[in-house]
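**Q** Spelled out, the chains give:
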Amino acid sequence: MTPTTLDRAPLGAPLLLTATHPDANVARRLASLGLRRGVRVSLVQKLAGGGRILSVNGGRIAVDAGVLAHLMVEDVA
Amino acid sequence: MSAPQSTRPVRTLPIAPALPTVRAACHGPVGEGAGADAPIIALAGAPNVGKSTLFNALTGLRATTGNWPGTTVDVGRGAWRFKPDGKVCACTECSGDCAVNRTSEFTLIDLPGAYSLDPLSRDEELTRTLLVDAPVAERPDAVVVVADAAHLARSLYLVAQLRETTHRVVVALTMNDVARKADIEVDSYALAEALGCPVVVLDPRRRQGLDNLARVVREALARPTPAPRLTGTPALDDLSRDDERFAWVESAVSAGTTGSGAERVSTSDRIDRVATHPVAGPLLFLAVMWLVFQVTTTVAAPLQDWLDGFFSGPVSDAASAVLGAIGLGGTWVEGLIVDGLVAGVGMLLTFVPLMALMFVLLALLEDSGYMARAAVVTDRLMRTIGLPGKAFLPLVVGFGCNVPAIAATRILGDARQRVLVSLLVPFTSCTARLTVYVMLGTIFFERAAGTAVFVMYLASIFAVVGVGLVLRRTLWRTMGAEPLVIDLPPYQAPTARLTAAVSWTRLQGFLRTASGIIVVTVCAVWLLQAIPTKPGYGFGDVPVRDSAYGVAAQTIAPVFAPAGFAQWQTASALVVGFVAKEAVISSWAQTYAVEEPEEGAEDLGDFGDQVAAAFESSSGGHPLPAVWAFLWFLMAYTPCVATLAAQRREVGLKWAVFGVAIGLVVAWVGAVAIFQVGRLFW
Numbered sequence: 000m001t002p003t004t005l006d007r008a009p010l011g012a013p014l015l016l017t018a019t020h021p022d023a024n025v026a027r028r029l030a031s032l033g034l035r036r037g038v039r040v041s042l043v044q045k046l047a048g049g050g051r052i053l054s055v056n057g058g059r060i061a062v063d064a065g066v067l068a069h070l071m072v073e074d075v076a
Numbered sequence: 000m001s002a003p004q005s006t007r008p009v010r011t012l013p014i015a016p017a018l019p020t021v022r023a024a025c026h027g028p029v030g031e032g033a034g035a036d037a038p039i040i041a042l043a044g045a046p047n048v049g050k051s052t053l054f055n056a057l058t059g060l061r062a063t064t065g066n067w068p069g070t071t072v073d074v075g076r077g078a079w080r081f082k083p084d085g086k087v088c089a090c091t092e093c094s095g096d097c098a099v100n101r102t103s104e105f106t107l108i109d110l111p112g113a114y115s116l117d118p119l120s121r122d123e124e125l126t127r128t129l130l131v132d133a134p135v136a137e138r139p140d141a142v143v144v145v146a147d148a149a150h151l152a153r154s155l156y157l158v159a160q161l162r163e164t165t166h167r168v169v170v171a172l173t174m175n176d177v178a179r180k181a182d183i184e185v186d187s188y189a190l191a192e193a194l195g196c197p198v199v200v201l202d203p204r205r206r207q208g209l210d211n212l213a214r215v216v217r218e219a220l221a222r223p224t225p226a227p228r229l230t231g232t233p234a235l236d237d238l239s240r241d242d243e244r245f246a247w248v249e250s251a252v253s254a255g256t257t258g259s260g261a262e263r264v265s266t267s268d269r270i271d272r273v274a275t276h277p278v279a280g281p282l283l284f285l286a287v288m289w290l291v292f293q294v295t296t297t298v299a300a301p302l303q304d305w306l307d308g309f310f311s312g313p314v315s316d317a318a319s320a321v322l323g324a325i326g327l328g329g330t331w332v333e334g335l336i337v338d339g340l341v342a343g344v345g346m347l348l349t350f351v352p353l354m355a356l357m358f359v360l361l362a363l364l365e366d367s368g369y370m371a372r373a374a375v376v377t378d379r380l381m382r383t384i385g386l387p388g389k390a391f392l393p394l395v396v397g398f399g400c401n402v403p404a405i406a407a408t409r410i411l412g413d414a415r416q417r418v419l420v421s422l423l424v425p426f427t428s429c430t431a432r433l434t435v436y437v438m439l440g441t442i443f444f445e446r447a448a449g450t451a452v453f454v455m456y457l458a459s460i461f462a463v464v465g466v467g468l469v470l471r472r473t474l475w476r477t478m479g480a481e482p483l484v485i486d487l488p489p490y491q492a493p494t495a496r497l498t499a500a501v502s503w504t505r506l507q508g509f510l511r512t513a514s515g516i517i518v519v520t521v522c523a524v525w526l527l528q529a530i531p532t533k534p535g536y537g538f539g540d541v542p543v544r545d546s547a548y549g550v551a552a553q554t555i556a557p558v559f560a561p562a563g564f565a566q567w568q569t570a571s572a573l574v575v576g577f578v579a580k581e582a583v584i585s586s587w588a589q590t591y592a593v594e595e596p597e598e599g600a601e602d603l604g605d606f607g608d609q610v611a612a613a614f615e616s617s618s619g620g621h622p623l624p625a626v627w628a629f630l631w632f633l634m635a636y637t638p639c640v641a642t643l644a645a646q647r648r649e650v651g652l653k654w655a656v657f658g659v660a661i662g663l664v665v666a667w668v669g670a671v672a673i674f675q676v677g678r679l680f681w
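These protein sequence lines map, in sequence, to chains R and F. Each residue of the first sequence is one higher than the one before, starting from 0 at the first, in numbering that gives the first Met the number 0. Each residue of the second sequence is one higher than the one before, starting from 0 at the first, in numbering that gives the first Met the number 0.
Just chain R, with the same shape it has in the complex (with noise of 0.2 Å):
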């Protein structure tokens, strides 16, 4: 799969994240609940507005879709 952002990419697929948020904060809100490059998400499930749950490390953080369409992530099945 060619690199796409978060909240393009399918539910269930193992993925690696290749870019986090611009905004410092932002990634460093992501960072500290494990989101930050090179780390495997999965898509869990879709929330309303386009938000999604992800699933990094074993852990789940819903994320609105505002956020996710700055992650960059590679498919990595």
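Hints may contain errors.
Said to hold, decoys possible - Listed next, the stretches of chain R that the computed footprint assigns to chain F, with coverage defined by at least 3 CB atoms under 8 Å from CB atoms of chain F: (1) 30-36; (2) 42-54; (3) 60-66.
Just so you know, the hints here were simulated from the structure itself, not pulled from any lab data. These figures come from a predicted structure and were not determined experimentally. Note that CB positions come from ideal geometry on N, CA and C, so glycine has one too.
Following the hints, put chain F in place on chain R, whose structure we already have.
**A** Below, chain F without anything else, positioned relative to chain R:
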């Protein structure tokens, strides 16, 4: 609160004298620490790892806990007492009787949840100030970092940063049962080796492993402060430093754990398929809120009625009998005690079942982990007024009773959001206002009374959103919209001990604050009704019209002329409604010297006729717009003094007064607009 006095030499703070420190200026609401010489231990950790639960278990105090992020919104302080078990010092001379070994208590500081020492919120800023920015001598003697075994990596970034300082660090590993369910095995010895600090496995919810933690902390205190961990090149930029820390954390996690539940579909995932589903999620949320509302009102109602009857019947009778026996029967003393104090305290206590139920249900929702899902589901709606989804909950609670709703604003981590929601809660139409809607609806709209009541609930929602939008675009315009990034903890079965403890703490807080204000205000109203303003009447024996209360109502009444309800009796009902909406109908009826109508009665008799005549006369022949204006005013202005007391406690006196002003302005302007426009058509 005042911190315990330290016997250590007074040190100057040349850099930032105003900085709070764990020794000198903690402002926690929870409790006092141990003795002045007791070592100070800080409890730190990422949000939602069981930190406050551990604090409560170690100190016996009752900090607010919940299975979702942002529960600790202040700093708590408590005494952690334990039995010293054996020699922990490294002295070669002593036989175990030195000060280090005799220590049997610590002062424990519960810091707000923080993933790191780089603050993104006020709470995290406080954690950094106390642990890093304070002078070394003012810092705690050791830091216990509470870490979630099921999500170890995200708990250890803080450890990585703290290990770069000279803090003595002990890692307390919680959520081990959740980790085991996710097939994660933690080797605490290997983890301790990798982190370079002790690791203690414990379960604060079941109070297991606490003695071991005390022993390990004592041992850590007996050792010299550790050397900071080596981070490689000293001149790392922020990004490289972050990478280095994450690499260190990953290496420690790899060394200390085996297995990973990353790809498993857990029970929480299966529940979340419904709980956070775009369509089913909001429906489930509404159902849960409806259930909370229903259970609270329907289960509490008979108990409230019983308590009401108990205080107005046997307790009042007994008080009258006692006063009669000592020769004070029929005097103003009887009036003050029976009609003022007994009635006032009785009214407060009738709220106790409702509050207790509400607090229990909230605690269950919080402890189970559902609250984080509710925040996700309501996020989009609340975002329109710049608030996160979890702000929806206190507003929903407000439709039952505003007082617990104000307390429920604590679920919001951000102080500015808490203030904003506390100002919006009074616009949610509580059940006490419902009684007045029903009465006026029956008098003026007869069979359409139900529709009139429904319109008032819509008006209430309109007021919340409208005032929220105005405040958001004025005083709160600098409050940035937070992106939704929220940790969803696994669901867990709530424990009875935690639920009871949290509910009891909240109930105590309500009673402590509300009791004083309610008693004083009720007594003041009684006093005003007892003071005659004309000759020929005695104290406590005067018609309401000629009492100070009646005269005051007649003075205030003209203010409502532009809204069409300037009769003094109507104005007096609003004055009493300021104290409590529950008292509106009875005092209103009293001003007409007729019996209080039965709730829901179709035939309101003389009282209904007199109210109808009053609106007819004060509105210049446009009673319906005047009634709508009155209902709007009643819905929008200050709900009751108990709500004010709760606001004062949660957000301070200044904001409570500001809330009263907003309520009065919105109520009056809206009422005038409704009447002036309405009379053009009706």
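**Q** Hint by hint, say whether it matches the structure.
**A** Against the structure, the hints come out as follows:
1. As drawn, the region 30-36 of chain R meets chain F at 5 residues by the rule of a beta-carbon pair under 8 Å; at three or more, the given contact holds.
2. Check result for the region 42-54 of chain R against chain F: holds, 9 residues qualifying (beta carbon to beta carbon below 8 Å, three or more required).
3. Evaluation of the coverage hint for the region 60-66 of chain R: fulfilled, as 6 residues show C-beta separations to chain F shorter than 8 Å, against a requirement of three.
Of the numbered hints listed earlier, not one is contradicted by the structure.
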